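These protein sequences, in sequence, are chains P and E. Position 159 of the first sequence, counting from 1, maps to 159 under my numbering, and the rest follow consecutively. Numbers given in my numbering equal positions in the second sequence, counted from 1, plus 1000.
Some hints here could point you the wrong way.
What the hints assert, rightly or not - Looking from chain E toward chain P, a few residues come up when the C-beta cut is under 7 Å (computed):
| id | residue |
| --- | --- |
| 1 | Ala1028 |
| 2 | Val1042 |
| 3 | Ala1162 |
| 4 | Gly1228 |
I should point out that these hints are in silico values taken from the structure, not numbers from a laboratory. For clarity, every value in this text was computed on a predicted model and none was experimentally measured. Note that the Cβ used here is the ideal one computed from N, Cα and C, for glycine as well.
In case you want the letters, here they are:
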Amino acid sequence: MMRRFLRFPSIVLALLLGCLSLPAQAHKPSDSYLKLSVAEQTIAGQWDIALRDLDYAIGLDRNGDGRLTWDEIRSHHQDIAGYALQRLTLATGAGACAVTAGEQLIAQHTDGAYSVLRFQAHCPDPVDMLEIGYRLFADLDAQHKGLVQIQHGDNTSTAIFSPEQAQQSIALRNPGKLSQFGAYVLHGIWHIWIGFDHILFLLSLLLPAVLVAATGHPSESLKASFFDVLKVVTAFTLAHSITLTLASLSPLSLPSRTIESLIAASVVLAALNNIVPLFRGRRPSVAFVFGLIHGFGFASVLADLGLPRDALAISLFGFNLGVEIGQLAIVAVFLPLAFLLRRSWFYGQLLTKGSALIMLLASVWLVERAFDIRLMPV
Amino acid sequence: MTHSIILSPSVRLWLLLPLLLLAPAAQATPYLPTSGDQVIEVLPGGGGARQLERLRTALRAQPQDLALATSLARRYIALARSDTDPRYLGYAQAALQPWWALAAPPLEVRMLRATLLQSTHHFDAALKDLDAIIAIAPQHAQAWLTRATVLTVRGEYAKASASCARLSSLASELISITCIANIGSLSGRAAHSEQLLEKTLQRSASVTTPELQVWVLTLLAEMATRRGAASVAEERFQAALALDPNDSYLLGAYADLLLDQERPLEVVKLVKEHARIDALLLRQALALQQIPGSGVTLAALTKELSDRFNAALQRGDTVHQREQARFELQLHNAPKAALALAQKNWAVQKEAADVRIYLEAALKAKGDAGPVLNWIKTSGLEDVAVNKLVQQLKAGA
């Protein structure tokens, strides 16, 4: 294809293109760029504000020649800081943060030179919810926007302020509802996994499930055993969910030493029942009653983790769900194995001697917890 | 004696170029100027804004003064147009602050609000205000004309024509014919509309204003471009430029014709003083793309444009989606991104240029052009560049 420009001598081309190097500043609507780095109670701020906008607001061009020199700008630094910082409020739930202006520099953005105002803010308490009030140029330029970037640890959040949206609260510890939920599910699973007392209580109650209650002979159908397990597990779940929720949502709490001792006692009793039948067909009721106590135990774990105020219900539900998942995993492994082995010599030994072992262990816990002493290493 | 390498002035310029162009690219890194005399910023010149200082001071004393506020807003809007500087739109809106959020502000304010809303592509809100104005004041020529313009941009030709029809008894013949001919030229009556408008312009040459003439000549040039009569189009663009060498829409449209004809040097000459305007900087970069050996300069301009589009994106602006789609397609070679932008843009406006960028992006991205192809059929758009793209799309399908 014939290209016409090839007829131009290259020097013309060079000169023509050379002219392009003139400062190419964009025409764009007015924005300021506000960066806030939050660490505990202090906020380090850097606020880039267009010199053109500042000139329009407070007049920087003293000699009126349309050219702003560094001297002209420098002589207005106090006015700039005063004007801008009066139009920005930072606050936490506990009240306003005190702002102190720092040095001012210059930065180049697409539409020209900006004054870079640095400042420090001290807040009355560690910032987890930052309330920002932004009114810069609201009375002069209705299309002005404040583009705010907040850095907090590894997280960066952004917000756009405009005269219509001048007041916004930004949550800094906000990993998102879904991931928060997921985290609490994992906490729940983990807690049942490392909570030997809960597992031993449940297993002790489940060991007789593959036997016929009245006779103590191996059960004939998996279905009967399954329903027995279902009843016990459901009762336990229902009970501990009730107390977990109650204890987490209300100030209701029992001394943790009492709770932990009662939990140990519940394991002793559940294991004893396998040697000397105490409850017989009432194991679901027993699971329910002691489940109430185990629920308080879960609640104290959750209290240590801390429930986020803005996602209380969802975290509580997540934790509970996690506990159920952990529990069901144990049951899913236990039931088929127990059913297969129910006629074996081993199962009989497990039921009696195993339960005795559990009783012994739980008794040690009981003494340790009740009298706050250490009997076992670890 | 030291040996120095002697460079010709042009070579020196070439060597300097990257440095000069990279200066604004090293953006937003704060620095401390070294000397007090250093000029840090040049304020918008021409005194246009400065003349308004007195009015602004007066309004500050009496912000509720309707006449003062509307007069200042009108002048800021004019300044925004003549300088293609959107900051003045914000100033205009601020002058109207006491009435801005009212459901039914005074008529003058409502008209200005509609004007400001349409200039930020809030077409729905603008039309709502315009409909309200003509319901109260059916003789409001400006409202009918602005309504017709907004509807034309949105491709709602039947409603737009109805608006133009109302103008015939309210405005000059040239204005109402321009209104109707522009729509006709886009909706299946191209040849007739162009002839009608050309004749009407000749007839009214003595009574018209330069602004109106520039508008009509630009539209006529675009009509000639669409039927492939490049030399006629160029004559008209030149005639319009003689009346107003700084009309940014006109410069953009003319630059596009030159780009299509692969005359990049003329494009650069035409727009190089207007690098502040994103749309014209884009044309400059597209021209450089056609000039061998302009790699460094082109890279710098591409970076600059990219920064500008990012800045607009950060503030949530969508006014430049058409330009941004062209940028992604031709300078970033990212057809998928371009098509996504062209689709978003298509939801807002449906001018011939919007059709074209959509088809170009769809062609390169091998994406779906169905909605636009259907629209071309139903609207009756006649445009040689568009026809060519339709053929290519059909051949590829």
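Of all the hints numbered above, which does this structure not satisfy? Sort the numbers upward.
Numbers 3 and 4, in rising order.
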